[in-house]
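Protein chains in written order, with the working numbering: chain A, 6 to 273; chain B, 531 to 878; chain C, 845 to 1169.
One or more of the hints may lead you astray.
Straight line, CA to CA, 27 angstroms or less: simulated DSS-like cross-link-like pairs of lysine-lysine [claimed, not checked]:
{"no.": "1", "chain 1": "A", "residue 1": "Lys235", "chain 2": "A", "residue 2": "Lys125"}
{"no.": "2", "chain 1": "A", "residue 1": "Lys177", "chain 2": "A", "residue 2": "Lys125"}
{"no.": "3", "chain 1": "B", "residue 1": "Lys695", "chain 2": "B", "residue 2": "Lys759"}
{"no.": "4", "chain 1": "B", "residue 1": "Lys730", "chain 2": "A", "residue 2": "Lys125"}
{"no.": "5", "chain 1": "A", "residue 1": "Lys125", "chain 2": "A", "residue 2": "Lys96"}
{"no.": "6", "chain 1": "A", "residue 1": "Lys96", "chain 2": "B", "residue 2": "Lys695"}
Source of the hints: derived by calculation from the structure; they are not laboratory data.
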Amino acid sequence: MEPVIRVENLVKRYASRELGRRAAAFTAVDSVSFSILPGSTLALVGESGSGKSSVALCLACLEPVTSGQIWFDGRDVAALSERESRAVRPKLQIVFQDPATSLNPRWTVGEIVAEPLLVKGRVANRERRERAAQGLERVGLGAEYLERRPAELSGGQRQRVAIARALILEPKLLILDEVLSALDCSIQGQIANLLVELQRALGLAYLFITHDLRMAAHLADEIAVMSRGKIVEQGAVETILRGARCAETQNLLGASLVDRETEAVRER
Amino acid sequence: MSTRSRLIICVLVLGALHLGVACAGFFAPYDPATQDREHPYAPPMWLHFLDAHRGIHLRPFAYAQESQTGSFDEYEENRARVIPVRFFVSGAPYRVLGVLPLRLHLFGADVPVYLLGTDGYGRDLLSRILFGGQVSLLAGLIGAGLTLSIGLCIGAAAGFWGGWKDEVLMRVAELFLALPWIYLLFAMRAFLPLAVPPVKAFLLVVVVIGAVGWARPARMVRGIVLSAKERNFVRAARGFGATGGYLLRRHILPETANVVLTQAAVLVPQFVLAEMTLSFLGLGVPEPLPSWGNLLASLQHYNVLVSYWWMYLPALAMVPFFLGYLVLASLLQGSSRATKIEVASAGV
Amino acid sequence: MMRFLLRRLGHAAFLLLGVSVLAFAFSTLAPGNYFDEMRLNPQISAERLSALRADYQVDRPMAVRYARWAVALLHGDLGFSFAYNTPVAPMLWTRARNTLLLTGTATVLVWMLALPLGVWSAEKRGRPADVALSWATAVLLIVPDLALALGLLVLAVRSGWLPTGGMVSVGFDGFSAGQKIRDLVLHLVLPVTVLVASALPVLLRHVRAAVAEALEASFLRAAEGHGISRRRLLYRYALPAAAHPLIALFGFSLGALLSGSLLAEVVMSWPGLGPFLLEGILARDLYVVIGGVLLSTLFLVAGNFAADLLLYWADPRIRAEAAER
């Protein structure tokens, strides 16, 4: 089967550039390669600062790539200009960690969910509203939420709104950047289950970015462990969990074992 | 009282003050340019309710002022001549907001009544203060609008584009901040023609004042745009293909609304004062158009300063407006610490 | 240290350069020509006029004129005053000295008042004393500078307690040294009062805010818990912690006082830069105006440079940052 996205030797360097001073480059992502099949989930696991969020921003065309290719929809997305990439972006959507900052507090939920349609243009107000209501229903929120504002919602509800917004343009790939980390444990489970259901119903591919190996194991088909910008270990979930070879993976595994509450979520 | 209701009260009071000045023609008994050569430097007349025989009048009245023989500016109250004040009388024609022609005045009398006295040409000071307020406040309001528009455009451009354009724009802004602003105002005024008709002079003053102060609001707007650009909801909008124009219009500029409003409340009185200063020094709005600044200009003459205390009254006209704007600014700036320092220092 | 200094100096030089270009650009963009108006001046002969025209190369492009003027400036030559028929520089220096005397005195006084009062009201924040002080500053804040200056002048004229115009009395040259100082101080009282009263409320509010914020910080709470005396806490701990915004404020206060002094000088007829500049504008005396603006910028830039040095001395973080580079 043809993968949805294929990343080859992705490199992202940040140059700390200030006028008249030496530029010191920091390599956040160092030649990372992976691919994701339709309807499957790849979990990108790593400690904070390991470069996994930079991968997410590069894939979503929100940061320019230093070198490497990102094959998506038959073209190399990394080589596209800002203007050209606007056409591609709707098909691969990103959901951020903190739903409090990813929703504009001045807008109503209905406006937020339908915003991609507004950007796309040529969608009548009425249709936007209907599709926003449908989108909300898909993530388990009723049409009564349309007129609410983000401040009136709980963290879990906000994350549902963010997911509904990401899905409204019917993307092929969803990049989930630490979407569960800002939530309470009980809510984490609910959102995780919602993600699984959505994947089944819509045939989405996920890039699930997390520092929580247990949660990754629960959701993903395949796991890639990142450390200092590189993928240090990659394979099917079972293989990684059973025989973690790298010290980094073992550390992460240990960290999640200590976390009893996360354990409880996994059992559910 | 909640901040919101205080804000509403403050806006209402300020609105009423501005409305009063906007309807100067109605509250002022005379045309600001009408001269009464019989009564130069007439002192303010008091309104009385009790007459010399201890009779109570329901309608307020004034005593006529008659100049003493042999003096041109000393007057005596003639207790025998009672001038009753009438309300809602027809008088000198004027236009409300420059459009609607009317003759109705709040009060008037058969013989001229000068509640705040007259100037050297016998022009009614009350009428001149009210009409002068129109000029000065309009200069402040338009000037502030101009400054904020420039500041908003430059700040948004610098913050949104970033890179070398940001660098260049902010260096220019620093340049404008580095000059003591009144000297800058002078410098700009210096190279523009001096003797011009009043309306043109007014526009000139407004443009000069408006062009001087843009740097600080631009820096503040830039800061907000920079942080708004990195918000996740802006990133998300970019993620589904939004253009720069869309992001600015829908997400980024609305974030600056609070700062722009607060700055407006700070800048309007500051710019009214700038107009007053320029006109006071003879660089602003010229006679016969009255403005709070040029009404005070005669105080530069020693004899006026010493002899006619009421000529000082135009300086106090600004005080209620200053108070209103000060309260408004402090209510608007709310709880945000970062803007508080900037706002207050803008008042320096 | 050297690098930090050099960077700030470079910045100051850039500002001065920019302001001079700006002032020159305004003069070129303005309609009309100064020499056109001079033709109406009977004091200047036709020969003199054509000599001046040639000398200042009015018809040459702006860049050329600017370059000539800038080169002359480096030799201390600020151009020629058409109205006074003499070089600008010596006149400007005398005036600038007087302005410096006025603003310098006012700066020192206003900070001597603002610091202790601000610290005091920050300590008593929320209590009646603080509230009363903030009302008093609010009153000062809403009275326009112009009203204040005129009001004080009226008061002085009516009471006759203070001299109301100029910098010295008639016959100053014949006074003894003591009398001279006394006379000068008496003349300073009125304009300095205006400046202090117009700048004090804003400064006071800032000092109070900065110190109050420092007092809320947890390390000061901890110090309070250790039983350090109130006075020591305020002046040895809270004030240095608030130093950064205060020193930045120092630069602002200089600009404000310099701007305020212009008005005060004109109203009180103090022979400083303000009235000189005003005359220059009214007489369209180009080089007087540019020189005056440039000089006032120089004062401000120099003051900000001093503030930077102060900051370097007061804030260990900046010292560390500078050492790293």
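What hints, given by number in increasing order, does this structure fail?
Failing hints, ascending: 1, 4 and 6.
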